[in-house]
Each structure stands twice: as C-alpha cells, then as structure tokens.
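**Student:** So the chains spell out like this:
Protein chains: 2
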Amino acid sequence: MTNDRTEVDGLTIGILGGTGDQGRGLAYRFARAGLRVVVGSRSGERGQASAAEIAKLASADGRSASSRAAVFGDVIGGTNADACQAADLVIVAVPWDGHAETVASLRSNLIGKIVVDCVNPLGFDAKGPFALRVPEGSAAEQTESLLPESRVCAAFHHVSAVLLADPTVDRVDLDVMVLGDDRDAVATVIALAARIDGMRGVYAGRLRNAAQVEALTANIIAINRRYQAHAGLRITDV
Amino acid sequence: MTNDRTEVDGLTIGILGGTGDQGRGLAYRFARAGLRVVVGSRSGERGQASAAEIAKLASADGRSASSRAAVFGDVIGGTNADACQAADLVIVAVPWDGHAETVASLRSNLIGKIVVDCVNPLGFDAKGPFALRVPEGSAAEQTESLLPESRVCAAFHHVSAVLLADPTVDRVDLDVMVLGDDRDAVATVIALAARIDGMRGVYAGRLRNAAQVEALTANIIAINRRYQAHAGLRITDV
Chain A
1265 MTNDRTEVDG LTIGILGGTG DQGRGLAYRF ARAGLRVVVG SRSGERGQAS AAEIAKLASA
1325 DGRSASSRAA VFGDVIGGTN ADACQAADLV IVAVPWDGHA ETVASLRSNL IGKIVVDCVN
1385 PLGFDAKGPF ALRVPEGSAA EQTESLLPES RVCAAFHHVS AVLLADPTVD RVDLDVMVLG
1445 DDRDAVATVI ALAARIDGMR GVYAGRLRNA AQVEALTANI IAINRRYQAH AGLRITDV
Chain B
1265 MTNDRTEVDG LTIGILGGTG DQGRGLAYRF ARAGLRVVVG SRSGERGQAS AAEIAKLASA
1325 DGRSASSRAA VFGDVIGGTN ADACQAADLV IVAVPWDGHA ETVASLRSNL IGKIVVDCVN
1385 PLGFDAKGPF ALRVPEGSAA EQTESLLPES RVCAAFHHVS AVLLADPTVD RVDLDVMVLG
1445 DDRDAVATVI ALAARIDGMR GVYAGRLRNA AQVEALTANI IAINRRYQAH AGLRITDV
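If you read the protein sequences in the order shown, they are chains A and B.
Just so we're on the same page, this note's numbering is the position in the first sequence counted from 1, plus 1264.
Just so we're on the same page, this note's numbering is the position in the second sequence counted from 1, plus 1264.
It is possible that some hints are incorrect.
Repeated chains share a single entry, so a pair holds when one copy, or any two copies, can fit it.
Unchecked claim - Quick list of in silico lysine to aspartate or glutamate cross-link-like pairs, EDC-like style, CA-CA up to 20 Å: (1) Lys1320 / Asp1285; (2) Lys1391 / Asp1446; (3) Lys1320 / Asp1338; (4) Lys1320 / Asp1430; (5) Lys1391 / Asp1448; (6) Lys1320 / Asp1434; (7) Lys1391 / Asp1445; (8) Lys1320 / Glu1309.
Since the hints were made in silico from the structure, they are not lab data.
With the hints as extra help, turn the sequences into a complete structure.
**Tutor:** As structure tokens, then:
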C-alpha cells in the first residue's frame, strides 16, 4: 500500500456536488490536509459560498492558528465545470438523482483525469434505506460508461459526512475501499485517502464489484440507527 | 448488543453443508465454544465423517487436554435433514449451486426454527470473483421465500474459512454483520457470533439489505488476493 505523500502533494482536488454533506466534508478534510481544493456546484455562486464556509471551518479546529495556517490548503469555489477544469483529480459527490446528467455534461472537462465516484444510489421508505438498482451495475460503472476517456475509480462511500465536517474531530478512523481497473489511478486514490488523519485506503476490487460497496451504505445507515453511531469499516489483516 | 451466554448455551446448532469449508469451520468454532453441533451433508456418511474430522481438530489446538475436554461440545454428523431435526438453530452453508433445492427440501424440518443463511452467490472468471444476480434479491431472501414458517437471518458471510478451521488460531478477530427482520432471532444470532473468541455480531439491517453483504465477499476475496491476507471487517464506533 503506498502512502507516498509526494504522489498527491501537488494535486488539485475538484469536488462535484461540493455543497452536499459528503462533498463539503471531503473538501474540508482535503484542505485540512494541505491540498488545494476546488468546490463545484451547479451554481457558481453556491460553489463559492460553500468554499467560503469550508475555509471558515478551518478556524474552528483545535490546532493553533499558526500550525493551521501553515497547512490548510486553498479552497476556492465555482461551477462543477470550473472544478473539473482546475483539478487533477475530481470527486463525484453529487446526488444520485441527476448523477448521469451531471457526469455526462462534464465529459470533455474530465478527459485524462482521475474521477472518483463516491455516490451511493439509495432509496428510503418507511422501513429505512435500501439499494436502488442501477442499469449500469453501479454509480461508478455509470460514470465509467459516460466518461470513456477518464480514469474512473470508486471510493469514500462509507465515510460519515458528520464526522468529516466536524472540525473538532481530529481523526476519521476508518478504511476506505478503493475500487478500479486502472492500477495507477487506484494507487493515487489510496494515497489520497491516507492524507486524511486516521483514514486508510485499501484496494477492494475492480469497478464491476462497486455496486455492493455503494449499496452497503444502506447497512451502515441501519447500524447507525440501531447503535446511535457514526459507523465505519476497518479491514482486518491488511 | 446482547452477549448473554445463557441465551445460546443450551442451543444445538445444525450446519447444512457441513462438509464445505465454511460449514466445517463454523462447526469447529461452535463446538470449540462448547455448543452441541450437528453437521449435515447430503450423504449421512459424509456428514458423520466431517463430524469426526471436526472432533479431531479439537485435539490439535493449543489448550491443555483437560481444559479442552471440559468445553468442547459434542459434534455429531448425519444428513441435512438429521441436522435440521436435531438443531434449534440451523446454519445454511451449502454451495450456491443447489441452494434453492436443498433449502426447499428441508422446509418441514425447519418450521419455527432460526435459520441463518451465510451463502455468498458468487461467480468467478479470469478477472476474479463477481456477484451473481439472484431473482429473490439475495440468497437469504431466497431462503426466506422458501421457508415462510422459519425465522430467517443472514450472517457469517465474511469469515475466513481458513482461519475458522485452523485449530492454532485462538481468536477470529472480526465483526459479523447480522441481518434479519425478526428482532429476537437477530439477537440470538448476535449472541451466537459472540461465542466465537474474537468475533462480535453487529445488527446490520433488514433482510432486504442482505444482497450487498453477500456480494461484498467478492471484494474481500479481491483484498485477500492483493494483500495476501485473510481479511475481515470491523465496524467502528459500535
């Protein structure tokens, strides 16, 4: 498993759907790790507002102002297309509803880039969450089919948005399953996950095995409800 | 989470498919925990042979003969129908190929009993393991549809058969996701998992969310291959 900092140190991370809970939480953690982050939204103004909020979170953590200022990365905001354009690696954190349209509309902006889908196609009814059937198999495979010139991976599905966005939480202690068929892209995403304190990226199979990782979020939600927890996964013996 | 020993102490555990790796490994661990186990197979002779093998494993662990003899539960073998008849709680560990037929044939033997499905419907090709589509949604839901008078749960999907059946392994350190709609049955299965040293049962949702837990075994296998590990899951914050 590579933890080579240099591999991701120079990267600019774009977040599509950066005004949602998951996108905002990841943006905050990456900025906190010293990475440049571009927060995208359908509206450029909302992207900018979200970036300003995230930068504000940086002044709320428990670290001293000087050590914080030394490491907190730039966070800027704009449209989803702005985020794609500026970034080397783009995280898809948009709602499942509209996922295909948003991803398809950004195809030309994402050529050659690493695209990490973290979307969980879930429905909710009176009995709680359940996995939705996706024609392409999974959200990640839908993205792959819509972005044939991009390097598509899947990761960051089970991370609690609440913990990510809480500046008083110093460590997010869990393993992130990273899926993909492009070995170098997978290695970069594993290294990216390791930049968040407490987090570790673990290779967990090809993209064709992404559906169950996405759907497992329904089980994590069930666990959270039963045990009043912010549950995450650790992989043993790795 | 209940760890009440008394709840499972008096139970006899039946294992369908007790000659397979997973079934044999679970049978050994339950016997080692002092429970009575009945190992079933399609052929009564093979069930008996498997029971004899499991009892032999008991003399290979690191404990003293006297402390071992004090706790190792009776292991007997027979047909799958014998195992259903004798047991209070039955674990379905048969191959996916033939799962529906075997389960359907035992319906009358399983009325009113807790039935725990741990079958993973997987295929394998040159690219490795992948999840099979199951008409009922999952192996566990197939069992539920075939056994309307039984109390069906799903659990023990991600447990390494190699570790389970290795008598020199004292602890199997991982969490078992337990799924089901019958809250009392789920509590019993959680208590049963806790009888294996190192193991913990965690409620992880209704049976309709079993498919992804079964399919996740493909990802665990991918992890094992990449990292040369016997990977398992731990749930954080629970």
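**Student:** Could you tell me which of the numbered hints above are not met by this structure, giving the numbers in increasing order?
**Tutor:** No numbers; nothing is violated.
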